Amino acid sequence: MNDFTALIARSLRTYLRQPAAIIPGFAIAVFFLFVYNAGLSSVASLPGFQGSYLAFILPVAIVSAAIGGATLAGEALIRDIASGYFTKLLLTPTKRLALIWGPIVAGGIILVAQVVVILVLALLMGLGSATGPGGLLVVLGFAFLWGMAFSGFAVFVALRTRNGAATQAATLVFFPLIFLSTTFVPKQYITSSWLKVAADINPTTYVFNAMRSVLIDGWRAEPLLVGLAVVLAFATVTGALALWQARKATQLS
Amino acid sequence: MTTASGVRSPDVERGILVEQLSRRFGDLKAVDAVDLQIPSGEIFGFLGPNGAGKSTLVKMLATILAPTSGRAVVAGFDVRRQQGKVRQAIGVALQEVGLDPLMTARELIVLQARLFGTSTGAARDTAERLLDTVGLADVEPKKRVGDYSGGMRRRLDLALALAHDPRVLFLDEPTTGLDPASRIDIWDEVRRLNSQQGMTIFLTTQYLEEADKLADRVAIIDHGQIVAIGTPAELKRGLGEEVVELSFETPDDAERAAAVLADATPQCRLGDGGLRCYFPVAAHEVPGLVRALDQASIPLRGLTIDRPTLDDVFLRATGQSMRGSEEHDAGEPPTDAVAR
Numbered sequence: 000m001n002d003f004t005a006l007i008a009r010s011l012r013t014y015l016r017q018p019a020a021i022i023p024g025f026a027i028a029v030f031f032l033f034v035y036n037a038g039l040s041s042v043a044s045l046p047g048f049q050g051s052y053l054a055f056i057l058p059v060a061i062v063s064a065a066i067g068g069a070t071l072a073g074e075a076l077i078r079d080i081a082s083g084y085f086t087k088l089l090l091t092p093t094k095r096l097a098l099i100w101g102p103i104v105a106g107g108i109i110l111v112a113q114v115v116v117i118l119v120l121a122l123l124m125g126l127g128s129a130t131g132p133g134g135l136l137v138v139l140g141f142a143f144l145w146g147m148a149f150s151g152f153a154v155f156v157a158l159r160t161r162n163g164a165a166t167q168a169a170t171l172v173f174f175p176l177i178f179l180s181t182t183f184v185p186k187q188y189i190t191s192s193w194l195k196v197a198a199d200i201n202p203t204t205y206v207f208n209a210m211r212s213v214l215i216d217g218w219r220a221e222p223l224l225v226g227l228a229v230v231l232a233f234a235t236v237t238g239a240l241a242l243w244q245a246r247k248a249t250q251l252s
Numbered sequence: 000m001t002t003a004s005g006v007r008s009p010d011v012e013r014g015i016l017v018e019q020l021s022r023r024f025g026d027l028k029a030v031d032a033v034d035l036q037i038p039s040g041e042i043f044g045f046l047g048p049n050g051a052g053k054s055t056l057v058k059m060l061a062t063i064l065a066p067t068s069g070r071a072v073v074a075g076f077d078v079r080r081q082q083g084k085v086r087q088a089i090g091v092a093l094q095e096v097g098l099d100p101l102m103t104a105r106e107l108i109v110l111q112a113r114l115f116g117t118s119t120g121a122a123r124d125t126a127e128r129l130l131d132t133v134g135l136a137d138v139e140p141k142k143r144v145g146d147y148s149g150g151m152r153r154r155l156d157l158a159l160a161l162a163h164d165p166r167v168l169f170l171d172e173p174t175t176g177l178d179p180a181s182r183i184d185i186w187d188e189v190r191r192l193n194s195q196q197g198m199t200i201f202l203t204t205q206y207l208e209e210a211d212k213l214a215d216r217v218a219i220i221d222h223g224q225i226v227a228i229g230t231p232a233e234l235k236r237g238l239g240e241e242v243v244e245l246s247f248e249t250p251d252d253a254e255r256a257a258a259v260l261a262d263a264t265p266q267c268r269l270g271d272g273g274l275r276c277y278f279p280v281a282a283h284e285v286p287g288l289v290r291a292l293d294q295a296s297i298p299l300r301g302l303t304i305d306r307p308t309l310d311d312v313f314l315r316a317t318g319q320s321m322r323g324s325e326e327h328d329a330g331e332p333p334t335d336a337v338a339r
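Residue numbers (numbering that gives the first Met the number 0), protein chains in the order written: chain A, 0 to 252; chain B, 0 to 339.
Among these hints, one or two may not hold up.
[Stated by the list, open to error] Derived DSS-like pairs: lysine-lysine, alpha-carbon spacing no greater than 27 Å straight-line: (1) B:K84 / A:K94; (2) B:K28 / A:K247; (3) A:K94 / A:K247.
In case anyone wonders, no lab produced these hints; they're calculated from the structure.
Only a predicted model underlies this, so the values are computations on that prediction, with no experimental measurement involved.
Pulled out of the complex, with its shape left as it was, chain A reads as follows (with noise of 0.2 Å):
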């Protein structure tokens, strides 16, 4: 445990030494909320639409956060393949899970530090629970877990292409996992039968559907189970991944 502990502390420091790599994610994701709050919140007097617009679009302020998590431990690769750190790493007996462990758990703790700040906006604006602070928990737990999941795909890319600019190209997919989904309204309002098949298969509308549920619904099984299920094997398929490509680096390097 003493190197993953000291590898999460020494990626923390670095990304909070970089404050410029953090605040754009950071500002996109507040700016959403405040925007798609004041611009779309009539949505939520549509016939059938339950609780308040702010907790419906909650959940999008906080995934988009989650991208600029992810991208902060690509970037951190990145940035030790091209220092030739990555290489010193290599060489000592620590565990390979442990290299890239640390910018991905590191990432999940800035971002949950981030969130934090974006439920206190949301609290302010006058956002409720439905589940009082145990579901503002649950909110950052799925963060926490929803980050580094993108941070296992943004790390598998940044050791795979070893290049700055496909690593922030990469980031790119996660946007149509965001848009293409139950992003501004629930699935009964989405008009076009294509928007609801990518909706139904995008993994996010799971994780939207578990942080919606405990801020508007109430303690459900359902949502959660399926919402964590999904959150566990997205992140198990990225950050397997990532680990194939950290094993790989040290016969190719």
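Add chain B to chain A, keeping to what the hints say.
For chain B alone, kept in the frame of chain A given last:
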């Protein structure tokens, strides 16, 4: 398991044992069936021009590059099957310094020591001791490595390689690009580590002087193969006791002279400085050399008698001089460099 010599001592098992080790990159044999036996406690110098395969060999021995074939045992552990144990036992300073520019020197050493299993408190003590050793103790503690000069980074990189008291230390061109004073500091440190801690040191270099001064034994690698191996004195003696250097007005004259002398004295070689000829006793041969050149009407500009250097060994082994390659080319691309 057979070895090149058939014998290997426990000392070699604890040092470095390399058997028929090869690495290909596509069609290129970067390292080609290399055999080495380096007993523990030795300083071994590995000389070669850029792209000869030095860095490729170091990376294989350091477990970050898989061999295509062959076997290597470092500090008693197999580099393929016991990677974790090899890593724990070795310190490595690669040719390309690997430091995070956002961190401070202390942070880097403490993290390095912790990754090798040291407790945080002990890692802090290690950091202070090593910063003192490499002469960085007086640097502003908050200064990030990104603001360090090239020489400071290289010294810090050496400190990182020492953070866990390795038994075997790999230094890949540790003084390339350093000023003469820093170079001598590194030499002193290498000698101290070897004599006081008995550390086995595998050092690659392009500087003949470095190999000559530091290494107990030297190997010369060219085109991925070892072309000469022995103590510096043995290698030089193998050429003859004395060397006569003939210099000419033009390169053209030098080439004509080489052709003229080729029959009479086959131990002459054309280098950048002119023609170098090796003899047991130079004084016996000089009149004949001068006479032959005179008969061929090739004007001689100068003639000096000297002892052979490692450059002569190198010139004879590889057909090229190292002197010319010392000034430029600092980097050795691992993959495409051996295309010849």
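Going down the list of hints, with the structure as the test:
1. B:K84 / A:K94: holds, 12 Å
2. B:K28 / A:K247: holds, 21 Å
3. A:K94 / A:K247: holds, 13 Å
The structure fails none of the hints (numbered hints given earlier).
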